[in-house]
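Q: Given chain U's structure and the hints, the job is docking chain E onto it.
Letter by letter, the chains look like this.
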Amino acid sequence: VNPHEAVMADITAMIRAILDVSADLGPEITAEATFFEDLGMASIDLAALGGRVYSQYGRSVNFAAFFAELDVDSISQLRVGDVVDYIVTSTAKKASLT
Amino acid sequence: MIQVNGLSLHIEQLDPGDAVSKRDASATVPAPVGTVVLLHGLAVGSLATWYLTLANSFAQAGLRVIMYDLRGHGHSERPTTGYRLDDHVDDLEALLTGLAIASPVHLIGVSYGGTIAFGYALRHPGNVAGVAAIESVPMTARWSSWLAANVDAGSGTPAVSAGFGMALPPRVRKAAEQLAAETTLRQDVLASRVSSEQEFAALDMPVFCIYGGDSSLSGMAHYVEQMFQRARSVVLPGQRHTILIDDPLTVGKLLMSWLCQDCGVPLRSSSP
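Those sequence lines, one after another, are chains U and E. If you're matching positions, the first sequence starts at 1 in my numbering and goes up one per residue. If you're matching positions, the second sequence starts at 1 in my numbering and goes up one per residue.
So that you can see chain U by itself, here it is in the shape it has in the complex (with noise of 0.2 Å):
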């Protein structure tokens, strides 16, 4: 499975979870939204989403530090497939040094 595609179903499901919505009743979930425009979503649920992509991948994925070296326009244009890059790139590192 391409890591892509696994980790864009897996934070569609955290999005959607945050969101409390369904599949075919929510925004529509592509690598090109944007969280804050797009999908709707507030500062909170990018932190709750934080807080879900560390139960699922543990230490290898920083979220606040991702956040940290962010301002707060490039928060506020953050795109799924900015979230997507970071936890495949993190996770391919940890593999690398394991």
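If you're looking for bench data, these hints aren't it; they were derived computationally from the structure. Cβ coordinates follow ideal geometry from the N, Cα and C atoms, glycine included. Don't take each hint at face value.
[What the hints assert, rightly or not] Okay, the calculated bits of chain E under chain U, using three or more residues with CB under 8 Å as the criterion:
| id | stretch |
| --- | --- |
| 1 | 41-49 |
| 2 | 54-65 |
[Said to hold, decoys possible] Simulated coverage check for chain U against chain E, where a stretch passes if three residues somewhere in it have a Cβ under 8 Å from a Cβ of chain E:
| id | stretch |
| --- | --- |
| 3 | 1-12 |
| 4 | 46-54 |
| 5 | 77-87 |
A: For chain E alone, coordinates are given in the frame of chain U:
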């Protein structure tokens, strides 16, 4: 989520190891050098205020980091009543008890989160190693009067923000108005028990206050610094009430140096 006083509160935590993992995922989690509890502000805040700014820096410095959404805020449960200062202090006490935190913690609050931190320190001084507050004032009669004068009789919270000179994004404003409409938040804040300056003066832990020079609270710096035995304050020129969001780097440096120098926490160097 964590169950606290019959409510479900949204909590997020970072261990010192979370930051280490960025360099070496196989590293073992080091023992924390201390615990910080980060408190957000009223109505327009959530734990994201911290999660998206300084939470990681604290973890990187070797601290265990605890953040939660206050009742009614973020993803926490929203009861219609119970928003007096003492209710928030009760929640924090129940949360720390629930997490079995044995050693005294450092409380760092922004805006009303700082007011909660001071309120907690007053009621549970033995549990608190230090209090840092950003754009915040303890709940004295003077602060209560300021709030009363700046909370409008109608919807409440957005007018408080107007008092701080903040222009809120429409979505944030709407969420704050909804919170004010659905709960007794406004009445409860104003009905909160006040404590005297003398009561706060009895506290002997290190206190640190940061204000924005362009904030309507900058005049409180001297008042708060004089109130405590071991307080220090900094006013950052040109900054507003939203200083943590606007300049997390500077605020982070100030808080780290306070933790290190005033509180004696053996922080780890953040350089690799």
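Q: For the stretch 46-54 of chain U, do three or more residues have a beta carbon lying closer than 8 Å to a beta carbon of chain E?
A: holds (count 6)
Q: Tell me whether the statement that chain E covers the stretch 1-12 of chain U is true, taking a Cβ distance below 8 Å and needing three residues at minimum.
A: violated (count 0)
Q: Can the stretch 41-49 of chain E be counted as covered by chain U under the rule of three residues or more with Cβ-Cβ separation shorter than 8 Å?
A: holds (count 4)
Q: Can you confirm whether chain E covers the stretch 77-87 of chain U, using C-beta to C-beta distances below 8 Å and requiring at least three such residues?
A: violated (count 0)
Q: Cut-off 8 Å, C-beta pairs, minimum 3 residues; does the coverage of the stretch 54-65 of chain E by chain U stand?
A: Our answer is that it holds, as 6 residues pass the Cβ test (under 8 Å) against chain U, meeting three.
Hints 3, 5 from the list above are not met by this structure, while the remaining hints are.
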